[in-house]
Amino acid sequence: MRRLYSSLVDGRGFDLCLIGIPLAFLIVLSGVPLIYNVVMSFQAVDMFSLGSFIRPWVGHENYRQLIAQPEFWPIMGHTATFLVASIAGQFLLGFALALFFWMNFPGASWLRGLFLVSWVMPGLVVGAVWNWLLSGDFGVFNFVLHQLHIISDNVFWRSDPAFSLWSVIIANIWLGASFNMILLSVGLSSIPDDLYEAAELDGAGALTRFWTITLPMMRSTIGALISLGLIFTLQQFDLFAAITAGGPNNSSNVAQYWAWDLSFKQYDFAKGAAISVIMIVVVMLASVYYVRSTRHEVRG
Amino acid sequence: MKTSAILGAVLYAGAATFGMAAHAADPVTITIWCQDDERQPGLNLAKEFGEKNPDIKVVYRQIHFDDVTSEAMRAYSTGQAPDIIAIDNPEHALFASHGVFLDLTDRIAKSDVIHKEDYFPGPLASVTWDGKIYGVPKATNTIALYYNADMFKAKGLDPDKPPQTWDEMVDAARKLNDPANNVYGIAFSAKASEEGTFQFLPWAQMTGGGFDKINTDGAVRALTIWKTLLDEKLASPDTLTRGQWDSTGTFNSGNAAMVISGPWELNRMSQEAKFDWRVTLMPVPEAGAPRSSAMGDFNWAIFKSSKNPDAAFKALEYFVSQDPRVFPDWGQLAARANIEIPTTGDAKKDAAVKVFMEQLKYAQPRGPHPDWMKISKAIQDAIQSALTGQATPKDALDQAAATIQGILG
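Protein chains in written order, with my numbering: chain A, 1 to 300; chain B, 1 to 409.
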């Protein structure tokens, strides 16, 4: 009894407690829902069996039906486009801004803070604002493009199947760029100045310094950022709900929005769960990469 | 072990007797879930009912429109359903067919307040499943054609003779369309949501079609007309992604000469629209064709799991007894034909309400069918794929009909 007590206060027991509490927390709040979701994707579920765990087992039937739907592959394609374009756009814009503010002109830190406003705003508000900006007949975006003589006819960003996905991507890039900028700024400021001084003495130009010092030193930050971006982008739901609702004709529908639509609009919870499982696999692969890239950071 | 068992038994007995005693003194509690806030009937009527009946305690919970069904499902499957819920009418059949709602047929037959024959046929059909009545229509609405009489005059159209048929409507839209002044001929909603189905289904119904035969020649013609309106830019391309409320906003601001929408617009329109606006019945396929229109709004229902169905039904009776106040106090239309609508003093609004009351006679429910949301999705997909040019109206509706046939079995 006393040994148990002392182990709990200062010993292995204490260590186990420290690990056990967050572990239990994770299992209850993440693990169980995750398993529940995976199990549900192999069952026949309707609204009245939502509360029970034991439901008829249908094997791969939900997945088979899902893939057989004509919109499945287009939606997966849109999801990939949305991911790549959003992450690339957010990262490039964020990096450009980070480098810009790194020049440390008067008011740079102040302005950098202002950029964070976009990240602080709720997604639905951002969506509503972009909804107006991108509106076809009276949108600000069209007006500006018109004045610059880039377009002669109004572009119906939200309603033209060729543009609808891009209208959400544009909004998402705007939303995420500042977050990228902040993380990259932190990465930039952690690079020791003497590296640059030494390189400059050796006659390295600005571009060479960027390629041989900045980028390699930022490797782990960039890796982590892109993995985080993947997760945030796969979570992006509000913008779709506010701007296009996946339309027209599914041309801007992506996996996460489709999962919600199936589960909570059509009450087909099993298929909604099946899409989530597909997405979980993708996010897990990204997490593995994220963990590996941050581990590298600790070593370096 | 033994002591605790005895103790438990004593406690249980004590609690039981105490509970019995308390039951007589304490009021019964009924829980009401509804999306209405203080400007709408649900909340006010629930509060009044509680005040008038000291032996019944009313707990009101306001639920956001989008969450009503999923909250209700979750609550029911975990045994925590409320006693009364206000549910969107196309979702009613889902609950009724699964035996989740209380069958009110006998109670209504005995009631002095609720009479089946008072109701418009559309709302009544939406609470009916398999010949039994599972609820009471809370209010109702429908859609008709609003038009800008000033623009009619400016373009040489007679504002006293608004379009009565589909062809006349398209003609009028062509004449009223004025891109130079940012005016579209007509506005409506073909959004990929319940709103799109809500707006399209009446067109199919007027030609003898319906959700169970969505690919009739008439429905194909209707969808072709919608496509014409979009292709000729007589309606904004944003019709595809814009709901009815936003579409009507463009009418109010003078950027559309006509709009198909419902009576929920009346208050905003009388404030915002600075022109002579009027309403006419939904145009029909050709002169003399049967009329139809959409039917919206919520129904009251009692969950079968309710422990106080008598008190809950008493509450419904009170709500129904107050139907005459629904329009003057909160601007909604009761689902009953025998309610006198008082004038508001706003001539345009009063004239419009008369048209909507006439239109309500032809309003048809969506469904009723337990899988309505899947059926509706098939119709939305057809509308959207035809209007974006991915399929011809005929192919799109054939596809929808095949999907719906699979759902109906």
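If you're looking for bench data, these hints aren't it; they were derived computationally from the structure. Treat the hints loosely; a few may be bogus.
[As the list claims (entries may be wrong)] Partial pick of chain A residues on the chain B-facing surface, computed with a CB cut under 8 Å:
1. 50
2. 59
3. 61
4. 159
5. 197
6. 245
Bear in mind that the values here come from a model prediction, so they are computed numbers and not experimental data. Ideal placement from N, C-alpha and C gives every residue a C-beta, glycine not left out.
ask   = Against chain B, with CB atoms and a cut of 8 Å, does the hint on residue 245 of chain A hold up?
value = 6 Å, holds
request  = Could you check if residue 50 of chain A really has its C-beta closer than 8 Å to a C-beta on chain B?
outcome  = 4 Å, holds
query = Holds or violated: is there a CB of chain B closer than 8 Å to the CB of residue 197 of chain A?
reply = 55 Å, violated
message = Hint residue 159 of chain A vs chain B: min CB-CB distance below 8 Å?
response = 4 Å, holds
message = Would the hint on residue 59 of chain A be counted as holding, given a Cβ-Cβ threshold of 8 Å to chain B?
response = 20 Å, violated
message = Can you verify the interface hint for residue 61 of chain A: is its Cβ closer than 8 Å to any Cβ in chain B?
response = This interface hint is violated because 15 Å lies over the 8 Å limit.
Hint violations for this structure: numbers 2, 3, 5, all remaining hints satisfied.
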